[in-house]
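K.L.:
The primary structure of each chain is shown beneath.
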Amino acid sequence: MKLLEYSSKEVMKEFGINVQPGFLARNMEEVRQAIDKLNFPVVIKAQVPVGGRGKAGGIKLASNKEEALEKAEKILSMKIKGIPVKKVLVSEAIDIDREFYLGIVIDRRSGKAVVMASAEGGVDIEEVARTKPEAIHKLEVTPRWGLRPFEARELMFKIFDDKKTALKASGFLLKLYSCFAEKDAQLAEINPLALDKQGELWAVDAKILIDDNALPRHPELESLRDMDYADLKELEAKEADLSFVSLDGYIGCCVNGAGLAMATMDIIKKYGGEPANFLDIGGSSRPEKVRKAMEIILRDPKVRSIYFNIFGGITRCDDVAKGLIQAFKELNVKQPVIIRLTGTNEDIARKMLEESGLPLHPVKTMREGAIRAIEMAGEKPLI
Amino acid sequence: MAILLNRDTRVLVQGITGRDGSFHAKLMLEYGTKVVGGVTPGKGGNEVHGLPVFDTMREAVEKTSANASVIFVPSAFAADAIMEAASAGIELIVAITEGIPVQDMIRVMEFLKEKGTRLIGPNCPGIITPGEAKIGIMPGQIFKKGNVGVISRSGTLTYEIVSHLTVADIGQSTVIGIGGDPIIGTRFIDALELFKDDPQTEAVVLIGEIGGTDEQDAAKYIKDKFNKPVVGFIAGRTAPREKRMGHAGAIISGSSGTAEEKIRAFNEAGVKVASEPEEVAKLVKEVLK
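These protein sequences, in sequence, are chains A and B.
Just so it is clear: in the first sequence, position 117 is 117 by the numbering used here, and no numbers are missing.
Just so it is clear: in the second sequence, position 142 is 1142 by the numbering used here, and no numbers are missing.
Note that these hints are calculated values from the structure, not bench results.
A few of these clues could be false.
[Claimed, not checked] No more than 30 Å apart at the CA atoms, straight line, and that leaves these computed lysine-lysine pairs for DSS-like: (1) A:270 - B:1289; (2) B:1225 - A:112; (3) B:1113 - A:364; (4) B:1196 - B:1115; (5) B:1223 - A:132; (6) A:138 - B:1145; (7) A:380 - B:1223.
Please construct the entire structure, taking both the sequences and the accompanying hints into account.
P.N.:
Have a look at this one:
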């Protein structure tokens, strides 16, 4: 789960990380209320789930009320990378002297948390990693001990010239690590970590990515889930324990396993079709999940054909068949359903589907299914 | 010879009394795997498919001399189950469970390193040495004994590709599903190292997907050290960019984990990359000529 800036700062604040006083506002009334409680100058920042806000004009400074209202109104009515801005964070601005980077991430290669720190903050850190990798200092955290204070100091002395600031920053980093570890984050990042002219450190922008697998043990984080930009179908799917991503095409896909689901999208595209979604019903799929998957696919009016590609392992084909029969009974399925079922209990499943008399279009191979789904959607496959 | 698993491997099923554990214990037995018992804390003394159930792994290992285990316990308890197996002296652990928090896995990996235990998974379909034994959930009937090793990050996509190999009369030495999580016990390069020394294996199929840099690491290893032909497949060529994995993972490697990048790395290492699952069999035939 990706937390937007204002939520990330909310979480970091709990761990004692210094963030500017500020308020979230969804409309001009809330902007007015926020401004009345803050000292000028203020900074108004669009809260959107994409990067590049600054360049797009989604971050503006204002030195008085009039200016602040005018700029907030502008930001609240703009789109950033095609996404309409639905909320802004209004905070007191600080007088930035220098900008740094602090981040903690799970590194797949070492299987550990890795701290990254750089004196080149405030810019695209991926760009720094590409062009000037030596400017990023890294530290692997020993799982058993966590980040030790001396390790934090060693790292901070590398990026801060002033010793007093380096020590202060070490404290900052330790708090960030606590936040990362206790909240089961996959990423906790402060960019920039700003040093103001008075020598104070601030988390001026923040990003936290929570491990979805750990969410069951963090009920307190549910309230921070962003609902303003979420795709409703994706939320509904998540609730049903399905992995779903909306796409622009017209072939609804229902597949078991993420790899096969991606390969199914790829093969549809290869033969000239366009998938309407990525949908992985997961392993050990109960019939209700299959029914729910069908319901979510049918909610998309663009869908002209539906392709079930199931290769049973832990998923039993008879469970999928049961779910399909249930779906046809309870939902209004008008689109042609192309079905490829193979693997665990496939004979039982095939028999069940035959006896049900449902208008299904069985195919033998994945390629055949893709081509058939394109044809039945009224398009011409590229063969 | 195959790798890691043969007909003499003695397997315990952790979570044997659950729906999936019990179902797949039976399928493993039917395939010929030497399943010697199971563990479910609190259900010791019972029997499942005629197999003894124990309360702890330590007791189970003592009584059965098992040297491998497979984990079907729910995600909240799976990290503990892996550590329990390692602690009881199990040499090969296969974790099928999906949804283990990644910070739990970090601690598990440190623990296993100290014990010297090999873990496959988590979130994986398991391992099979066709004609001998399987540990996990792979549908046995699609495999065929032979000379091609398969390593895959995916479950069902592996079945898809293997079934094409089998239909084309290309048998497999050992097939390993290494799992789709960010932190896994056995990565592509680890499995390649094992296949390198296996005389039965004459070629290897690598099935990768977007995210991370395991495929790029594998490509480098193949180029520098591997001695057998390799065929690759990467899922997610058409996955939308903004849905790829987070940026910070990309910083460490200086890479973004896209399919194009992986395919390029494979090509540069001389690995032939199939454009759809069926094509893998054709390319394997070519490299084995």
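K.L.:
Now tell me, hint by hint, if it's right for this structure.
P.N.:
The hints, checked one at a time:
| no. | hint | in the structure |
| --- | --- | --- |
| 1 | A:270 - B:1289 | 28 Å, holds |
| 2 | B:1225 - A:112 | 26 Å, holds |
| 3 | B:1113 - A:364 | 44 Å, violated |
| 4 | B:1196 - B:1115 | 24 Å, holds |
| 5 | B:1223 - A:132 | 27 Å, holds |
| 6 | A:138 - B:1145 | 46 Å, violated |
| 7 | A:380 - B:1223 | 41 Å, violated |
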